[in-house]
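Could you build the full structure based on these sequences and the hints that come with them?
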Amino acid sequence: MKKGFTLIELLVVVLIIGILSAIALPQYTTAVEKARSTEAITLMGNLRYAAERYRLQTGQFPGADMTVLDIEIPNATTTGAQTKNFIFTATGTTGDYIITAQRANNGTAASGTSAYSLKTTVKSDGTARRSCSGDATLCKAITAGKCTGSNDSTCDF
59 MKKGFTLIEL LVVVLIIGIL SAIALPQYTT AVEKARSTEA ITLMGNLRYA
109 AERYRLQTGQ FPGADMTVLD IEIPNATTTG AQTKNFIFTA TGTTGDYIIT
159 AQRANNGTAA SGTSAYSLKT TVKSDGTARR SCSGDATLCK AITAGKCTGS
209 NDSTCDF
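Quick note: the sequence shown, position 121, residue 179 per the working numbering, numbers continuous.
Note that these hints are calculated values from the structure, not bench results. Hints are supplied without guarantee of correctness; some may be wrong.
[Stated by the list, open to error] Subject to a maximum C-alpha distance of 30 Å in a straight line, what follows is the list of computed DSBU-like cross-link-like pairs (lysine-lysine):
| no. | residue 1 | residue 2 |
| --- | --- | --- |
| 1 | Lys142 | Lys92 |
| 2 | Lys92 | Lys181 |
| 3 | Lys177 | Lys60 |
| 4 | Lys142 | Lys181 |
| 5 | Lys204 | Lys181 |
[What the hints assert, rightly or not] Pairwise CB distance ranges (calculated):
| no. | residue 1 | residue 2 | range |
| --- | --- | --- | --- |
| 6 | Leu68 | Lys142 | 38 to 44 Å |
| 7 | Ala167 | Asp123 | 49 to 55 Å |
| 8 | Lys142 | Leu73 | 35 to 41 Å |
| 9 | Lys204 | Glu97 | 14 to 20 Å |
| 10 | Thr195 | Ile75 | 23 to 29 Å |
| 11 | Gln115 | Asn164 | 33 to 39 Å |
| 12 | Leu114 | Ala80 | 50 to 56 Å |
| 13 | Leu78 | Leu114 | 51 to 57 Å |
| 14 | Ser79 | Lys181 | 45 to 51 Å |
| 15 | Glu67 | Asn163 | 50 to 56 Å |
| 16 | Arg111 | Val90 | 29 to 35 Å |
| 17 | Lys181 | Leu73 | 54 to 60 Å |
Remember, it's a predicted structure, so these values are computed and weren't measured experimentally. Beta carbons are placed, not taken as given, at the ideal position from N, Cα and C, and that holds for glycine.
Structure representation (structure tokens):
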């Protein structure tokens with residue numbers, strides 16, 4: 059008598075592995091994206107406080123020029139900054155100062171289901187509001203379900 063697995067047994071094992079990977083892969087990609095967004099949220103917080111220090115020194119926010127800030131920013135230019143995962147831009151010199159981090163893949167803006175952007179709006183009184191827009195599932199994961207607002211594509215946190 060020969061020992062070994064039958065074709066049916068092997069097919070059942072392959073089917074079980076396929077089902078498990080189909081369940082686990084979306085959870086994995088969401089967890090990876092949530093970790094990547096932490097990079098942007100941290101850098102946006104640093105940009106916010108550096109911009110507020112700049113406003114206290116000069117009387118206005120720096121606008122898009124991130125080279126004038128007193129922190130080291132990756133690939134900072136007069137029009138923004140860029141990391142491997144995000145493209146950062148800022149607007150406003152008086153009134154609201156808006157910092158935006160758009161999801162990117164090696165400097166190219168992301169598209170499709172992985173496309174989202176994070177935004178921090180700083181008021182002249184120092185208060186700030188963060189939001190996530192784009193893929194609703196990713197935004198809810200990034201904010202740990204702390205979304206406020208009625209629009210599915212924009213999430214304040």
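Structure-based check of all given hints:
1. Simply put, Lys142 and Lys92 have alpha-carbon atoms about 15 Å apart, close enough for the 30 Å limit, and the pair holds.
2. At most 30 Å may separate the alpha-carbon atoms for a hinted pair to count; Lys92 and Lys181 meet this at roughly 26 Å.
3. Simply put, Lys177 and Lys60 have alpha-carbon atoms about 65 Å apart, too far for the 30 Å limit, and the pair is violated.
4. A C-alpha spacing of about 29 Å is found between Lys142 and Lys181, which places the hinted pair at or below 30 Å, so the restraint holds.
5. Annotation: proposed proximity of Lys204 to Lys181 holds, straight-line Cα distance about 22 Å (limit 30 Å).
6. For Leu68 and Lys142, the Cβ-Cβ distance of about 41 Å falls inside the hinted range of 38 to 44 Å, so the restraint holds.
7. Ala167 and Asp123 have their C-beta atoms about 21 Å apart, which leaves the hinted 49 to 55 Å range violated.
8. A hinted range of 35 to 41 Å for the beta carbons of Lys142 and Leu73 is consistent with their spacing of about 37 Å.
9. Checked against the hint of 14 to 20 Å, the pair Lys204 and Glu97 passes, with Cβ atoms roughly 19 Å apart.
10. For the pair Thr195 and Ile75, the beta carbons lie near 25 Å from each other, so the given range of 23 to 29 Å is met.
11. Range check, Gln115 to Asn164: about 35 Å between beta-carbon atoms, so the 33 to 39 Å window is met.
12. For the hinted restraint 50 to 56 Å between Leu114 and Ala80, the CB-CB distance of approximately 53 Å keeps it satisfied.
13. At roughly 55 Å, the beta-carbon separation of Leu78 and Leu114 lies within the given 51 to 57 Å, and the hint holds.
14. The supplied range of 45 to 51 Å is met by Ser79 and Lys181, whose beta-carbon atoms lie about 46 Å from each other.
15. Here the CB-CB span from Glu67 to Asn163 is close to 41 Å, at odds with the stated 50 to 56 Å.
16. Remark: the range hint 29 to 35 Å for Arg111 to Val90 is upheld by a beta-carbon distance near 33 Å.
17. Our hint of 54 to 60 Å for Lys181 and Leu73 holds, since their Cβ atoms are close to 56 Å apart.
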